[in-house]
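Student: From first to last, the protein sequence lines stand for chains U and E. Note that the first sequence covers residues 1 to 471 in our numbering. Note that the second sequence covers residues 1 to 244 in our numbering.
These are calculated hints, taken from the structure and not from any lab test. Do not take every clue at face value.
One-sided and incomplete, this derived list gives chain U residues near chain E with beta-carbon spacing under 7 Å [claimed, not checked]:
1) Ala-43
2) Gly-47
3) Leu-66
4) His-68
5) Gln-83
6) Ala-87
7) Asp-285
8) Gly-306
9) Leu-307
10) Arg-312
11) Gln-328
12) Thr-364
Fair warning: this is a prediction, and the values are worked out from it, not measured in the lab. Idealized CB from N, CA, C, for every residue including glycine.
Chain by chain, the residues run as shown.
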Amino acid sequence: MSGARERLSFDARVRDALADPLLKVAIDRTTGNARTKRAAAMAAWPGFSSARELGRDIKDHVIAHLDHYLVQFERNARASGAQVHWALSGPEACDIVVAICRKAGARTVTRSKSMLGEEIGLPHALQEAAIERVETDLAEHIIQLAGDPPSHIIWPALHKTREQVAELFHAHHHDPGTLDSIEAMVASARRELRGRYLAADVGISGANFLIADTGAVCTVTNEGNAELTTTPPRVHIVTAGIEKLVPSCAHAMAMLRLLVRSATGAELTQYTTFHCGPKRAGDLDGPAEFHIVLIDGGRTRMLAEGLAEMLRCIRCGACLNHCVVYRQIGGHAYGSVYPGPMGSVLTPMLDGLPQSKDLPRACTLNGQCQEVCPVAIPLPTLLRGWRDRIWSTGLESVTVRQGFAVWRFLALHPALYRQASAMAVWMMAWFARGGWIARMPLAGGWTRYRDMPRPPRRPFIAQYRRRMPRP
Amino acid sequence: MSDARSTILSAIRAALGRRRGGSAMADEVTIAAEAEHLRARADATRPDRLRGGAENAFLERLVSPAVAATAERVASLSDFPAAVRRYLTAQGLASSVALQPHPDLLALDWSGIETHGQIGIDEPVAVGLALGAIAETGTLVFHSGPTSPTLFAFFPTHHIVAVETGRIWNWLEDYADAFAGCAQPRNVNLITGASGTTDIEGTLVRGAHGPGWLHVVLFGSAAPSPDRPVATDPPHFTSLDNVK
Chain U
1 MSGARERLSF DARVRDALAD PLLKVAIDRT TGNARTKRAA AMAAWPGFSS ARELGRDIKD
61 HVIAHLDHYL VQFERNARAS GAQVHWALSG PEACDIVVAI CRKAGARTVT RSKSMLGEEI
121 GLPHALQEAA IERVETDLAE HIIQLAGDPP SHIIWPALHK TREQVAELFH AHHHDPGTLD
181 SIEAMVASAR RELRGRYLAA DVGISGANFL IADTGAVCTV TNEGNAELTT TPPRVHIVTA
241 GIEKLVPSCA HAMAMLRLLV RSATGAELTQ YTTFHCGPKR AGDLDGPAEF HIVLIDGGRT
301 RMLAEGLAEM LRCIRCGACL NHCVVYRQIG GHAYGSVYPG PMGSVLTPML DGLPQSKDLP
361 RACTLNGQCQ EVCPVAIPLP TLLRGWRDRI WSTGLESVTV RQGFAVWRFL ALHPALYRQA
421 SAMAVWMMAW FARGGWIARM PLAGGWTRYR DMPRPPRRPF IAQYRRRMPR P
Chain E
1 MSDARSTILS AIRAALGRRR GGSAMADEVT IAAEAEHLRA RADATRPDRL RGGAENAFLE
61 RLVSPAVAAT AERVASLSDF PAAVRRYLTA QGLASSVALQ PHPDLLALDW SGIETHGQIG
121 IDEPVAVGLA LGAIAETGTL VFHSGPTSPT LFAFFPTHHI VAVETGRIWN WLEDYADAFA
181 GCAQPRNVNL ITGASGTTDI EGTLVRGAHG PGWLHVVLFG SAAPSPDRPV ATDPPHFTSL
241 DNVK
């Protein structure tokens, strides 16, 4: 994350996000589209639930034999002519990438969107090394111009409305044209980036899947920028998390069905590419050097510390699109590379729990994320696990601890609990005289941005007693 | 960073509760059997799509709004240049195309069209030959190689591709199975429609960085014959596998 926003507290970032009317419009437009398209794709696929179980089992199988598959992948990748590097941490991975770039005498690199690249801080590392970075994915291009971090793992520029994109392109593009439609904006970006592909010394991309039995790296993209990034430069570098393995190309296909439908609602991305080694004898294009950097970056700790299920994640973003919290506050408020439910599980492991203890709490536990997850990650359970750890390690604030102490006391004294809840309901009803609660003591955090619905006239227990026949 | 390698592998083994230097070979057999079992489970999860046969399913998917390519059928590959001419006229394009340097294409009669083997980054039209296609998703398959450079599918604004009917696989896995154990090309490109983006407000726009138009010309008969075996027969591809 860049600059000032990161230094704000989580509460302050959320306040800023909620107070930004354009942000809500932007989030609604993209996540609404995504939910509609995903729902249509799933409705047309009766096999989804069994495919999801299979996806989960494939990933669990790979994780259970991760050492085997990593070694197999490395062996096959090397046999194809790839150079395989291993990195324990993000900074170590960046050092490897920068060293390869320096050895290649690189002044300019093109980069095709990769969340892992963001995770390890590659944009910053390239800047430090005075290597020009040209983001070629449209969304990454937009946020590079804006100087923003990504706000969604599939649509990094989701926080920008079309009007804001037009302003940016008008200010930065050499030949922006009219910019009066999204089509015109896409065409302007195409013109702007066209010349950069051939001028780059190194192309950098990520990996959606690593194919163990061939040593190939599978990427899924729609724009065509990935192949334009990875084919012309003399050197191609892939950065990949060690959890990205699948046993074979056929297993990758089963995962692709889940990934693409969950991400965009399409059945397959326009471009599904398997990169296997450098240019071969007689090939008319392709890089002379092909490097793969395999990165741990906390993944072995996840395996050791009860977060193995999170290693299933295939970064489709469906949990973000369906999260009621993400849809209110957007990605930047999380203050982490990965936002939303999956981000709230990952970030405490990647950045440390003390720095990110607010994230597991920024969740209603409504279970939507788990329901749409194509590999059935029990996200609410994992978030609750972090909450337990926040409590047991004493990271919880005094206010919250006192609040829980009061709640505990009441919960252990049912008569008092019922009296207190009856009083609360009565009070809320009084404030909801106009139909909705627009203002109420202790509820400012909610009512500042939206009204609260009127509660039922009686608490649950009272309703239950009235409805149940007496013995 | 060989140190990182051993640290990562040791950490994985420790986390999985595995002892160093266990019976790796025995494990490999078990792992392979498990993986095969998982692979077999995929068949039952696939969308029901192929009742009309692979060729119809492929075409239907290809021209569906989701993939949005255009397509036509011709009797044989020798009819391909005429189809290209028709396309160029219909689209109001100049009669000049970058021709993928595949011997089967070079052998055709391209009279009336200027063809060149070099492709520029703003090439208006490229004409190519796919290795095959996948019916399930309306996908074209390209293997990079001396006769199939990768960038022919990414530089042009219009990409016109011939594909043989007998080389349509039913499912994604059928393609994968056909090349399991074979030497891999540098790039396998599975192409499903023209390039597009939804990066601005989730709205789909075609022609992002790759082609804006994809036109597919299906040639030949789907019926297997002694000299044209069905597409799922791997030996059939070894003759055309232009990376070897």
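Student: Tell me, which hint numbers fail for this structure?
Tutor: Going through the list in order, the structure violates hints 1, 5, 8, 9, 10, 11, 12 and respects the others.
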